[in-house]
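Trainee: Each chain, written out:
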Amino acid sequence: MTHTARSLMQGTVDLLILRALRHESPSHGYTVSRFVRARTQGVLALEDAALYQALHRLEARGWVESEWGLSENNRRAKFYRLTSDGRRRLKAEAASWRTYAAAIFRVLDDAEEAK
Amino acid sequence: MKRLRRLFRFSSRSPIDIHRDVEAEFAFHLDARTETLQREGLTAGAARDQARREFGAAARGARICEAYDQRAERQRFIRSAIDDFIRDVQYGWRAMRRARAMSLVIVLTLAVAMAGNTAVFALVNALLLKPPLMQEAERVVRLQLGESRMSWPNFEDVRSERSAFLNVVAQKSVVSAVMLGSTSVRVTGANVSPAYFTMLGTPAALGRTLLPTDTRTDLVVISDRFWKTRLAADPAVIGRTLKMPADTVEVVGVMPPGFIGLAPPGLGRDFWIGLDPRPTPQENDRTRPHVEVFARLAPGVSRDDAQAALRVIAERLRVQHPDLDERILSARATGVTGFDAFQGIGRAALPLLAFVALLSVVAGLVLLVACANIAGLLVGRAAARRREIAVRLALGAGRGRLIRQLLVESLMLASAGAALGIVLSIWLTQGAHHAVSSLPFPVEFNLSVDWRVLTYASLLACAAAVIFGLSPARRAARLDLVPALRDEGGAAHQRFRHVLVTGQVFACTVLLLWAALFARSLQNVTAVDPGFTTENVFVVDVDPQDARERTPDASHQRFRLIQERVLELPRVESAGLAWSVPLAFMSQEEHGVLLLGTAATDQRRVMANTVSPGYFATVGIPLRQGRDIAWTDGRTAAPVALVNETAARAFWEGNALGRRLRLADRDGEIDVEVVGVVADSKYWTLGETIAPTLYRPVQQRTFSGMNLFVRTANPAVTIPALRAELERLSPGLPVAVQRLDEATAASMMPARVAAIATAGFGGAAMLLAVLGIYGLVAFSVTQRTRELGVRRAIGASTGNVVRLILGGSLAQVSLGVVPGLVIGSLGALALSSFLVAISPFDLPILAAIALAMLGAGAAASLGPAIRAARIDPLKALRQG
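Line by line, the protein sequences give chains E and X. Position one of the first sequence corresponds to residue 1 (our numbering), numbered consecutively onward. Position one of the second sequence corresponds to residue 116 (our numbering), numbered consecutively onward.
None of these hints come from the bench; they were simulated from the model. All residues carry an ideal CB built from backbone N, CA and C; glycine is no exception. The reader is advised that the hints may include incorrect statements.
Claimed, not checked - Okay, the calculated beta carbon distance ranges per label pair: (1) E:E72 - X:A499: 20 to 26 angstroms; (2) X:R418 - E:G11: 27 to 33 angstroms; (3) X:D132 - E:E72: 23 to 29 angstroms.
Claimed, not checked - Not the full set, but computed from the structure, chain X residues with beta-carbon under 10 angstroms of chain E: (4) E140; (5) L145; (6) E150; (7) T151; (8) R175; (9) I179; (10) Y183; (11) Y889; (12) A893.
What the hints assert, rightly or not - Computed far set for chain X versus chain E, every beta-carbon distance over 12 angstroms: (13) I133; (14) E181; (15) A839; (16) A926.
Next comes chain E alone, as it looks inside the complex (with noise of 0.2 angstroms):
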């Protein structure tokens, strides 16, 4: 994998913090963190600060909202969740990533066969 993979777009980072939070419950950006890492097996590379800059962001378009809250351990947290506009928005970013990214497995696809 080359550069390419490795610095985000910013549309891929909504991505991937709206798709972390689609479950019910809120949760803090420290599981956000997690979840993506997790779920991307340490192949993006996706620093914390960045991350956090893109849960506000959102914030401020009124995609997700936020509360303060107590964590596990009774820590002060602050809790992020989709709004339904965050919903509706995840659902189309989902939607067109899968077509982009079908478009170009083709391509790739039929590159490979032709060798």
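Take the given structure of chain E and dock chain X to it, following the hints.
Mentor: Same frame as chain E, but now just chain X:
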């Protein structure tokens, strides 16, 4: 102010709060990660280091997060403000519908006051704010060489100055007669130099304007007003000919509505004709100013640059022509918009502007009275809503929130009132416009509602809403919960309403006093002796230009011929010429004179008129001493003059005959001898103090247009003969004969308009004040039911109770009346130029106003007082 700001701030996170939140969020993340790593077996230090590494650029990340949060916070703030506002409006609407009758009264009250204010502002707007209809009016300047007019040769020299000005143009106002079918009408217009319309840059609405290439001087451009009112908006008007004394002219264009060229705002124009490029010898005299000069500044040239350029020209002229007055050196270039636009009418502008100021003050007072009334009503309602408000407060509504909501209610009422007021004001201004159209000179105000009027009305409505809404709202929100829930208290409300009613009575007293003064003044005006008689006297303008006679001698002979022919007509008792028609607002002349043979070395101001033999006899001004002017006082004879009694008294202690005075006018400096003294008569307004006045013979002056006065024993016989004779003397020319009383009717206008305006506003204020007093007394009777019941129970009679209530309310009214009379009289001092034969401290009037106000107060409180007297003590006591 700080409190007010707090009132309008919605709760939201401050930048510092946001910073702390982001810090806490990041710290939590790092701690959580470090703990996990430690559990996985790393040392504390190594775990923290790795957590930091994974986190990346924390400081930059925090900055960006904060920026996003702040933006989000702002958006949330705006959204919640809008939501709150919509909720307030919905709530306000429900509250208004609950108190439908009161809301209607408030809206109507405000509408009346707003209509007056908006109408007055529309007038101010038309006179001072609206730019005149021309391209880039701020680049047009009026050029003056020491006085308001310029001589033709000086104008030509200024015009040849090419660097500072794009175009330099001249105009000369003319009043003329024009023949329409078989009748002739007086029209007002201007002779303009060829580049006039090019300089203004306004295209014609129909046909074309005059062009610099036009060499003919018989082409006329007419105004929209003239076209519509006199020519029935004839679509085939282009090419039509009009008969005027000077010429038969051909219409080439119609200007758009509202175009008045460079006339002062408010004055209409009927036509524009090219100035004759070949001036007469008199017109070509460099020392005789007679045209107004305007220019458009060249690109990049400021008004100051233009003035400097003009000064250079003035200095050169003064060197080249030493006979020019040194005053021309004080050359000026001034604007043609706003106040500057009034320079063309000189002193006449001051009373006009003072009158507009008076109207503004009067309208403003009515609005204040209306606001006080509405505030009273709202306080009353707030008292009635105390329980509701207390419940909301108890349930946790913020006081700021509550005040905001009550203010939104006020604003809604104000908006409804303002909207209705604007509609009413349109109707009002149309009425006013109709009223001034009877003046002898065309008046044209563009009173249409534009963005300025709308802005003004909106701001005024907001101000009104704050004035009448804020205080009751703050009072309501400051409410003490416990007594309010128990439905007690209200003393503070009561005090506040007392203050409001006092203020109202005060403003109303001022207005009524002024209305009464103007009404008396109008009455006096109709009774004032102007010093001359208008009975059976007719006036017609005669112009020797008819026959193109250009030399002074020929003019004089023609004037004499006309007068002598007219004297021979049947039933004519007397005839004479005068340049200025007294009290007609058409023309006035003023001189500085030096009294010769006395110790006085300073110049005295005199009003002046130019007359022919027989004028004084015709208009019935008696000769007191000496002799009348005679035709033998010709150009070659010794210069003579008559003075009025005021001049004789002021200058020579009554012995005026044979005295000499030196004056400088447009004919140059001459010494004249006083040969007669005539009785005083009014010159410009009926209200004026008669000024020293000088009358000089027409045959010793050079004048082009004069007015012929004719007194007849039988108008029915004389007037047709007069018309026929004048038509015979100047064949084919229009003759506009007017009754002298009609010509002077304009002098009644200011008094009549002032009386009508102040009476209208005063009446409205009175009505409002009566409502205010009634509301207060009725409310206080309800509040005092228990106390009054106790009084009745311990033996107070019906009379006692009525006296108690009436006495209280009369004392209340007196508190406003007394300062109202004092301030009103002092204010009227400033208006004394409008008052005819009445002092602002007229005791009968002051007494009448005081009585009227007390009477109104008594009438307003009688009903509640009787209700108070009928209170059943038992019921009242049980009620508590």
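Trainee: Determine for every hint whether it applies to the structure shown.
Mentor: Against the structure, the hints come out as follows:
1. The hinted range of 20 to 26 angstroms is not satisfied by E:E72 and X:A499, whose Cβ atoms lie roughly 56 angstroms apart.
2. Taking the beta carbon of each, X:R418 and E:G11 are about 60 angstroms apart, not inside 27 to 33 angstroms as hinted.
3. A hinted range of 23 to 29 angstroms for the beta carbons of X:D132 and E:E72 is consistent with their spacing of about 26 angstroms.
4. The restraint placing X:E140 at the interface with chain E holds, with a minimum CB-CB distance near 5 angstroms, inside the 10 angstroms limit.
5. Given hint, X:L145 at the interface with chain E, holds; its Cβ is 9 angstroms from that chain's nearest Cβ, closer than 10 angstroms.
6. At about 8 angstroms, the closest approach between the beta carbon of X:E150 and any beta carbon in chain E falls short of 10 angstroms, and the interface hint on this residue holds.
7. A least Cβ separation of about 8 angstroms between X:T151 and chain E falls short of the 10 angstroms threshold, and the interface hint therefore holds.
8. Contact between X:R175 and chain E, as hinted, is supported at the beta carbon level, the nearest pair being about 7 angstroms apart and thus within 10 angstroms.
9. The beta carbon of X:I179 is positioned within 10 angstroms of a beta carbon in chain E (closest approach about 5 angstroms), and the interface hint is therefore held.
10. For X:Y183, the suggested interface contact is upheld, since its CB lies about 4 angstroms from the closest CB of chain E, less than 10 angstroms.
11. For X:Y889, the suggested interface contact is broken, since its CB lies about 55 angstroms from the closest CB of chain E, more than 10 angstroms.
12. The interface hint given for X:A893 is broken, as the beta carbon of that residue sits about 54 angstroms from the closest beta carbon of chain E, more than 10 angstroms.
13. Distance to chain E contradicts X:I133 as a non-interface residue, since its nearest Cβ pair spans about 10 angstroms, not more than 12 angstroms.
14. A beta-carbon of chain E is positioned within 12 angstroms of the beta-carbon of X:E181; the least distance is around 8 angstroms.
15. With a minimum CB-CB distance of about 91 angstroms to chain E, X:A839 clears the 12 angstroms threshold, and the non-interface call stands.
16. Against chain E, the non-interface label of X:A926 holds: every CB pair exceeds 12 angstroms, the least being about 63 angstroms.
Hints 1, 2, 11, 12, 13, 14 from the list above are not met by this structure, while the remaining hints are.
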